[in-house]
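Since each chain comes alone in its own frame, lean on the hints to assemble the complex.
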Amino acid sequence: GAVVSQHPSWVICKSGTSVKIECRSLDFQATTMFWYRQFPKQSLMLMATSNEGSKATYEQGVEKDKFLINHASLTLSTLTVTSAHPEDSSFYICSAMPGLGPDTQYFGPGTRLTVL
Amino acid sequence: GENVEQHPSTLSVQEGDSAVIKCTYSDSASNYFPWYKQELGKRPQLIIDIRSNVGEKKDQRIAVTLNKTAKHFSLHITETQPEDSAVYFCAASTQAGTALIFGKGTTLSVSS
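Chains as they are written, first to last, in this note's numbering: chain Z, 989 to 1104; chain Y, 6 to 117.
These aren't lab readings, by the way, just hints derived from the structure by calculation.
Heads up, some of the hints might be wrong.
Straight-line alpha carbon distances no greater than 25 angstroms define the calculated DSS-like cross-link-like pairs of lysine-lysine that follow [to be verified]:
no.: 1; chain 1: Z; residue 1: Lys-1029; chain 2: Y; residue 2: Lys-109
no.: 2; chain 1: Z; residue 1: Lys-1008; chain 2: Y; residue 2: Lys-47
no.: 3; chain 1: Y; residue 1: Lys-63; chain 2: Z; residue 2: Lys-1029
no.: 4; chain 1: Z; residue 1: Lys-1029; chain 2: Y; residue 2: Lys-42
no.: 5; chain 1: Z; residue 1: Lys-1043; chain 2: Z; residue 2: Lys-1002
Excised from the complex, chain Y in its bound form (with noise of 0.2 angstroms):
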């Protein structure tokens, strides 16, 4: 079945640099990657997402580049700001209506 391997576990920066997650998934039948945020005690919100058809996506501050043959994806967030400080999941599935097989994710720190 689908592994989803996630790094780093823990990233820290200071207000305004940019932090990168990277993900890395095993079948190469996965066709759907979503990246969620989690905030303490609340549920995953999903930040971005993007399918194999595509390399990259943006959206204002956030944005994910996908190498299917690599079979990678990471997430990209552009002038952090304290309130960006979470956990970040990655994501895969291979097909509409299965499962999301989640990465261990990260807990990205934004000081000021």
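Just chain Z, with the same shape it has in the complex (with noise of 0.2 angstroms):
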């Protein structure tokens, strides 16, 4: 039990576009959802809280209109990047949680975004 995807695992686009990243939980219903960043060899940067049904808290240093989050359903989260640049270029990985009971997170496998 405790499964959470993400869709695309792997993304390549030209700078100025923007990418939608799904982040689903599959067999829990999750009301927090988190976002993180991860650059190459280090650690994973919490970027915002999503929960369901009202609006995501960045952390500082986040620019929430480059980075849009959706927690339209207890089992979906998306993270839009908006006009991406390369220096977004990025392992973007998702985590849930369920309900408000344990605070176990389970993670997402990561979406790698390459941006040229």
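Dropping the structure here:
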């Protein structure tokens, strides 16, 4: 149980285009999902907390107009990178928590974004 | 906010030896401390976690200890095997529903 999927697993896009990444909890409902980015050989940096039915909470330094997050259902959160630039190239990973119970977070497989 | 420091950044051991990775945290309100293993290009996998009401937890070759007074926790891997080679991250969170704050990671290399 507790499986989280992400789509796509990798994407290559041209500079200036927008890319949408989906994060789904397959066998549980997630009131809270988190989005992280990870540069090569670095740690996971929290970008934002996504709560179903409300606006996402962004970490300091993360542009909310550039990284649009929508958590429209209890099983789906999306991250849209708008007007992508090469410096946005990274590994984006989501995680989901089942309800308000244990703190265990389950991670998606990640999405490798390359902006040319 | 919470800050998690992790040491060492790299660790090389011989197969069969023990490996210890240490983390410190800054927020005394933190009460959940998981450890994740991440292989190259893969998602982080939870290997063990501990809550603030417990001082030690063990699962086969893996154990975690927590010292709330000193605000540090450690991962212990005994009888290391080559397949233990990966990047290990510690993390902390303050309450249910909040995000994890990760340490910078430790690259463990186990040579046979």
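Do the hints match the structure? See the list:
Using a Cα cut-off of 25 angstroms, the hinted pair Lys-1029 (chain Z) and Lys-109 (chain Y) holds, with the two alpha carbons roughly 9 angstroms apart. The hinted pair formed by Lys-1008 (chain Z) and Lys-47 (chain Y) meets the criterion: a straight-line CA distance of about 20 angstroms does not exceed 25 angstroms. Note on Lys-63 (chain Y) and Lys-1029 (chain Z): the hinted pairing is violated, with a Cα-Cα distance of about 28 angstroms set against a maximum of 25 angstroms. The straight-line distance between the Cα atoms of Lys-1029 (chain Z) and Lys-42 (chain Y) is roughly 14 angstroms, inside the 25 angstroms bound, and the hint therefore holds.
Between the alpha carbons of Lys-1043 (chain Z) and Lys-1002 (chain Z) the distance comes to roughly 28 angstroms, so the proposed pair goes past 25 angstroms and is violated.
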